[in-house]
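A.B. asks: Residue-level listing of the chains:
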Amino acid sequence: AQSVTQLDSQVPVFEEAPVELRCNYSSSVSVYLFWYVQYPNQGLQLLLKYLSGSTLVKGINGFEAEFNKSQTSFHLRKPSVHISDTAEYFCAVKGYGGSQGNLIFGKGTKLSVKP
Amino acid sequence: GAVVSQHPSWVICKSGTSVKIECRSLDFQATTMFWYRQFPKQSLMLMATSNEGSKATYEQGVEKDKFLINHASLTLSTLTVTSAHPEDSSFYICSARESGIQPQHFGDGTRLSIL
Numbered sequence: 003a004q005s006v007t008q009l010d011s012q013v014p015v016f017e018e019a020p021v022e023l024r025c026n027y028s029s030s031v032s033v034y035l036f037w038y039v040q041y042p043n044q045g046l047q048l049l050l051k052y053l054s055g056s057t058l059v060k061g062i063n064g065f066e067a068e069f070n071k072s073q074t075s076f077h078l079r080k081p082s083v084h085i086s087d088t089a090e091y092f093c094a095v096k097g098y099g100g101s102q103g104n105l106i107f108g109k110g111t112k113l114s115v116k117p
Numbered sequence: 126g127a128v129v130s131q132h133p134s135w136v137i138c139k140s141g142t143s144v145k146i147e148c149r150s151l152d153f154q155a156t157t158m159f160w161y162r163q164f165p166k167q168s169l170m171l172m173a174t175s176n177e178g179s180k181a182t183y184e185q186g187v188e189k190d191k192f193l194i195n196h197a198s199l200t201l202s203t204l205t206v207t208s209a210h211p212e213d214s215s216f217y218i219c220s221a222r223e224s225g226i227q228p229q230h231f232g233d234g235t236r237l238s239i240l
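Sequence lines, in order, name chains A and B. Going by the numbering used here, the first residue of the first sequence is number 3, and it counts up by one from there. Going by the numbering used here, the first residue of the second sequence is number 126, and it counts up by one from there.
Bear in mind the hints are in silico, worked out from the structure with no lab data behind them. Mixed in with the good hints there might be a few duds.
[Said to hold, decoys possible] Each computed DMTMM-like pair below joins lysine to aspartate or glutamate, with the alpha-carbon atoms no more than 20 Å apart:
#1 A:109 / B:147
#2 B:166 / B:213
#3 B:166 / A:87
#4 B:145 / B:213
#5 A:112 / B:233
#6 A:109 / B:233
[What the hints assert, rightly or not] Computed from the model, here is a short list of chain B residues facing chain A with C-beta under 8 Å:
#7 168
#8 169
#9 171
#10 174
#11 218
#12 228
#13 231
#14 233
#15 234
In this text the structure is predicted, and so the values were computed from the model without any measurement. Using N, Cα and C, we set each Cβ at its ideal position, and we do this for glycine too.
Bound conformation, chain A alone:
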């Protein structure tokens, strides 16, 4: 089984400042990793994913994340945030194959960008 921990429930930040949203996971098998963003009253939109290969993955809207297997982390970063980045961000993991193939979500981090 897998689990996901998003260490910060809320992250306030000023516009144009850098931000890091933390995500740690645990799993007994290899995993795929995802970050999703949810704007108010909407579903989830895929920001980026790690399946294999380079541990630094780039996504939409200027976001990137780095997979660190030894630290079982997949932190999301953006060098300069905009007001429009205000949203809820969910980290998710998915085990390889079979019954371990469903997405497991963290509890989410609410990013609030202030002018």
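Guided by the hints, dock chain B onto chain A, whose structure is given.
C.D. replies: This is chain B only, laid out in the frame that chain A set:
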């Protein structure tokens, strides 16, 4: 990118009625569809997983007689909340996946309010 359409986006109805929510994959064939429930300021809770042409697999604690799921085609899944009560009020989100390694794509959600 892959698009998942969910309808309706908002439903208000009286206690005791049944409500049907549709989830369609518009530009890909979804071999697997997922239904989630999200309480305010919380993460997504997986309710059930359905593969086209098969019975849905419900998560522990989810009443399958209350939340009827049909996945009759590769592009359509429906969730019917039967005899809805105020405690069923929530935000329901569907998700679809083309194959096991592909990421899940989410609909925009349905806000269900039972009076």
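A.B. asks: Hint by hint, say whether it matches the structure.
C.D. replies: Against the structure, the hints:
no.: 1; hint: A:109 / B:147; result: violated, 26 Å
no.: 2; hint: B:166 / B:213; result: holds, 16 Å
no.: 3; hint: B:166 / A:87; result: holds, 17 Å
no.: 4; hint: B:145 / B:213; result: holds, 13 Å
no.: 5; hint: A:112 / B:233; result: holds, 18 Å
no.: 6; hint: A:109 / B:233; result: holds, 19 Å
no.: 7; hint: 168; result: holds, 5 Å
no.: 8; hint: 169; result: holds, 5 Å
no.: 9; hint: 171; result: holds, 6 Å
no.: 10; hint: 174; result: holds, 6 Å
no.: 11; hint: 218; result: holds, 5 Å
no.: 12; hint: 228; result: holds, 5 Å
no.: 13; hint: 231; result: holds, 4 Å
no.: 14; hint: 233; result: holds, 4 Å
no.: 15; hint: 234; result: holds, 5 Å
Comparing the model with each numbered hint stated earlier shows that hint 1 is the single one that does not hold.
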